[in-house]
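The two chains are supplied separately, each in an independent frame; assemble them into the complex guided by the hints.
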Amino acid sequence: MIRIFKAEWRKLRRPTLLIGTLGAVIFFSGLVSSLLFLLLDSPSGNGDRGVVITRETLSLAGGATKAFSSVGGLLGIVALCVFAAQTAQEYTYGTLRNILVRQPSRIKVLVGKFASMKAFAFLMVLVSAIVSIGVSFVLAGGKDVSTALWFSADGRLEIAKTFLNVTISVIGYGLFGMILGLLLRSPISSISIGVLWLLIIENIVGALKASSLNWLPGNQFSSIASGGSESVSYTHALTFGGAYVFVGLFIAVVLFVRRDVAN
Amino acid sequence: MQKLAISVTDLSKKYATGFALSHANFEVPLGSVCGFVGPNGAGKTTTIRMLLGLISPSSGTARILGESINDPEKYLPQVGAMIEGPAFYPALTGAENLRVLATLGGFPKERVDELLTKVGLADRGDSKYKTYSLGMKQRLGIAAALLPNPQLLILDEPTNGLDPEGIQEVRDLLRELANKGTTVFVSSHLLSELELISDYLVMLRKGEVVFAGPIQELFLKQQPVILAQGSKEEDLEKILAIAVADGHRGTIRSGVAHIEGPQEWAGVLNQKAFQAGIVLTQLSPQLPNLEETFFEMTGDKK
Numbered sequence: 001m002i003r004i005f006k007a008e009w010r011k012l013r014r015p016t017l018l019i020g021t022l023g024a025v026i027f028f029s030g031l032v033s034s035l036l037f038l039l040l041d042s043p044s045g046n047g048d049r050g051v052v053i054t055r056e057t058l059s060l061a062g063g064a065t066k067a068f069s070s071v072g073g074l075l076g077i078v079a080l081c082v083f084a085a086q087t088a089q090e091y092t093y094g095t096l097r098n099i100l101v102r103q104p105s106r107i108k109v110l111v112g113k114f115a116s117m118k119a120f121a122f123l124m125v126l127v128s129a130i131v132s133i134g135v136s137f138v139l140a141g142g143k144d145v146s147t148a149l150w151f152s153a154d155g156r157l158e159i160a161k162t163f164l165n166v167t168i169s170v171i172g173y174g175l176f177g178m179i180l181g182l183l184l185r186s187p188i189s190s191i192s193i194g195v196l197w198l199l200i201i202e203n204i205v206g207a208l209k210a211s212s213l214n215w216l217p218g219n220q221f222s223s224i225a226s227g228g229s230e231s232v233s234y235t236h237a238l239t240f241g242g243a244y245v246f247v248g249l250f251i252a253v254v255l256f257v258r259r260d261v262a263n
Numbered sequence: 001m002q003k004l005a006i007s008v009t010d011l012s013k014k015y016a017t018g019f020a021l022s023h024a025n026f027e028v029p030l031g032s033v034c035g036f037v038g039p040n041g042a043g044k045t046t047t048i049r050m051l052l053g054l055i056s057p058s059s060g061t062a063r064i065l066g067e068s069i070n071d072p073e074k075y076l077p078q079v080g081a082m083i084e085g086p087a088f089y090p091a092l093t094g095a096e097n098l099r100v101l102a103t104l105g106g107f108p109k110e111r112v113d114e115l116l117t118k119v120g121l122a123d124r125g126d127s128k129y130k131t132y133s134l135g136m137k138q139r140l141g142i143a144a145a146l147l148p149n150p151q152l153l154i155l156d157e158p159t160n161g162l163d164p165e166g167i168q169e170v171r172d173l174l175r176e177l178a179n180k181g182t183t184v185f186v187s188s189h190l191l192s193e194l195e196l197i198s199d200y201l202v203m204l205r206k207g208e209v210v211f212a213g214p215i216q217e218l219f220l221k222q223q224p225v226i227l228a229q230g231s232k233e234e235d236l237e238k239i240l241a242i243a244v245a246d247g248h249r250g251t252i253r254s255g256v257a258h259i260e261g262p263q264e265w266a267g268v269l270n271q272k273a274f275q276a277g278i279v280l281t282q283l284s285p286q287l288p289n290l291e292e293t294f295f296e297m298t299g300d301k302k
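First to last, the protein sequences are chains E and W.
Just so you know, full-length UniProt numbering puts the end of the first sequence at 263, numbered straight through with nothing missing.
Just so you know, full-length UniProt numbering puts the end of the second sequence at 302, numbered straight through with nothing missing.
Just so you know, the hints here were simulated from the structure itself, not pulled from any lab data.
Ideal Cβ placement from N, Cα and C applies to all residues, glycine included.
Take these hints with a grain of salt, some might be off.
[Stated by the list, open to error] Computed, partial: chain W to chain E, Cβ under 10 Å:
#1 T45
#2 A81
#3 F88
#4 L92
#5 L101
#6 G105
#7 W265
Pulled out of the complex, with its shape left as it was, chain W reads as follows (with noise of 0.2 Å):
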């Protein structure tokens, strides 16, 4: 049986406003990555503060590293985490933070500088936290969750605020962790950040979760694109129906036809164009993204 690091069943969480989470589903197995998407407002917040005891379901249950989410002393030893950003004292220092937050869970103190290092806040560590811009918080957040030397952990939307070389180190460093066997469950809505280094995925919409699993086989569900070109404009609707008459669906956005298939039907596309007259300019199959997947099944418009 595979030994998963997060295990949901049936959890809710229903305000006075309607569920923020409804009967949610879901496994995160050990060692693995975890993107967590949905649109603003979909839950996810919601679902990582149960995960990590800040609030109570309203009903069902969870399991994180084997322990129930009723006992948070039993597991949050072995759990860093950034909810909603980062948080702290703006009169310490960013050193002095990491202290109390070291000091509250019993960690070496070494860590701090270690972690102030590995974040690239060394030279800054000792700087008061209200000085520091919006990408440094994002870093000493970092860093605290990074404190207990996690075996799981969980980031609320790590990248908010980071530069594109900040982004790519995250990524780099989640990756590395993963590596190292700790389980990482991460929220963002950078999705093409999410696709480099997730292994599985997380979908909500509205409180549910309308995927879950292995990020490959979200993409097996969708259906594979063709884009096509010809070196005139009027050849569009010659390509479309060539499509058509092959029983594909397409239609035409941005001067390119879109049209619905797999991969092998590229070539017979290429060979019905050219017995037409049409000279392609372009013809690519392409496997759908997760930020188009992400739009397709949450319903979000683009």
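Extracted from the complex, chain E is given alone in its bound form (with noise of 0.2 Å):
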């Protein structure tokens, strides 16, 4: 499974992956962070989907991560992206019979992968936490916000469990892009219908019907990430979180076992 995992993280190393990725993740993490400060004072808000937040909010022990967690849901897009092409990809390039030859435990392969990609979405995760609380300390002295508490010990446990909290997000959405991965078999769709499920579909249902934001997918990860919001509580996203990648991936993994890979 070590092997498996390694040859996966040669994969996902590559220069273009690996520096366009994180590329991404610097910029979102940046960008969100700054909307946070610049936009401060803003009448129509400062957070995600118009939300206010204040200069008392942003000076508790959590304001240092107020913009890292509101990043969640894009590296989770991002994170979708990156588990469901390198999973359907295998299917397309013909390659998943070279690594069935070398390594025909199909369960190993499907751990040894998910391992390599968790790593891959654990270092966006780091990353993008460097990037948004580095940016939110320089901004906020400009604005008047206190940092006397971001960095105090109830400060770095926000901090920690806050970055938990996003790479459980992540890796969910990662997880749901690996099931449609193994389910589609081609990066193109598996990809298309994740983002167009997360980013349209759901704002649209959860738009015409409040209530159903309590079982959408998308919606109980971006909780997850946030730890808990005002329609999900975190103790339901986590549970209704994990019940849909659970289900989900039991299909995949025994469909991929099962399965005959004849292309």
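Right, dumping it as structure tokens:
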């Protein structure tokens, strides 16, 4: 399994993918953090979907991570694309047969690939955390936001909690992508269906019927990143999100293990 | 008892549309080069995929290097394979692609450079796979199959896209491997190439094994042909009449009489033609080659 992890990592660390993905992560993390502080006194809000996050809120122990937790959803979309592409491309390139000839245990192949992609997602979250908190810290002084509590014991705990939540959320999104990749066996189809569902369909359904936010999978993952939201509690999001991933993964794994590799 | 590299017993694969492989039985001895031939859709790739654990059989079984195909983990570390052409990651270099596979299989990294040199890609190892020509891709596929230093090498159409020089290199490489004790199981449409390198042959037609055994045994089953031509066009009919009178069948094709008969009868024909006043300008006994035998046995038209 370690060999599969390492082999997958060789593919993930190729410059175009690694630098491209981390570049996107740095850009979005910097952008969201900058907007949070630069639009601090804007009447149209400075947070996600026009939410107003005040100077006082930002000065609390959790202030350092406000921007970081808002980036969670975007990181999730990036993870979905990477996990889906890395999984489905084995079918489109025909490389799955090479992998299975070298490692016939399909469960080991899946676990090894997942572990490697999880490490990639962890790296993304880590870079995003550093950029978000760093940009927030730099901009806070200019906007009269106190950072005194940000790195106190409570502040460090908040950072750790948010980091964990964002990581769980991003891996949830990634697994959603991996499941789509295994089921659809095409990077383009799995990425487009995943992004379409998360960014468009869920938003439309959520806007038409607010109660649907309780069970829409994307909303569960983004609620985990922010430690719970107004519509969904953290525990509910974790339970429902986990259930979606478990059922999806079960179906995908059974298909992957039993399906003939005929391409 | 002869040790076997591959032993297939009553192996079948059935899809909704019918049998891709039906109750196949054949054996490939260790250290041999075995050609695996059949028209398109005969079931060759399906068989290879079953032998490599990629698809499960509907019934029957097979053993590779003494291990059941139900336990591919036991034999695949000793098997190298290229199935249905090369398949690699386009964004990675040739060397990087081999390193991915070497990491997967736990093979020494030094093998990568060694094999790139062996297949003539030493100077292009650092180029991205997507920039490779078809022949280069094929060479990389062969290098990947050789990574485990295999006891059994299974190759599906390894000469596709190669130029004549490349084909000869592959032929030499396969012979060299066989001389070192590697069993080679190779499917190809280049029957003349297979004839040159194979000791054994498995022939499929519409999912059924029509021949499996030593290649010489296959030729022995075929009737040799004597080609004869006279100095005048009308001599052909007379030559044919001599053959028929002696109990041999024959036809006239492309201005040459093709007579089924043993090599020794060529002398008799020569004598009888002389007595009939025919001056033979061609008289050549010919053993059937693999291509002719293939078309005859598979029922495909040349």
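We went through each hint and held it up to the structure:
1. T45: Result: holds, 9 Å to nearest chain E Cβ.
2. A81: 5 Å, holds
3. F88: Since the shortest Cβ distance to chain E is 7 Å, the answer is holds.
4. L92: Check passed: Cβ of L92 (chain W) comes within 6 Å of chain E, closer than 10 Å.
5. L101: This interface hint holds because 6 Å falls under the 10 Å limit.
6. G105: This hint holds: G105 (chain W) lies near chain E, its Cβ roughly 4 Å from the closest one there, short of 10 Å.
7. W265: Constraint on W265 (chain W) not satisfied, violated at 51 Å.
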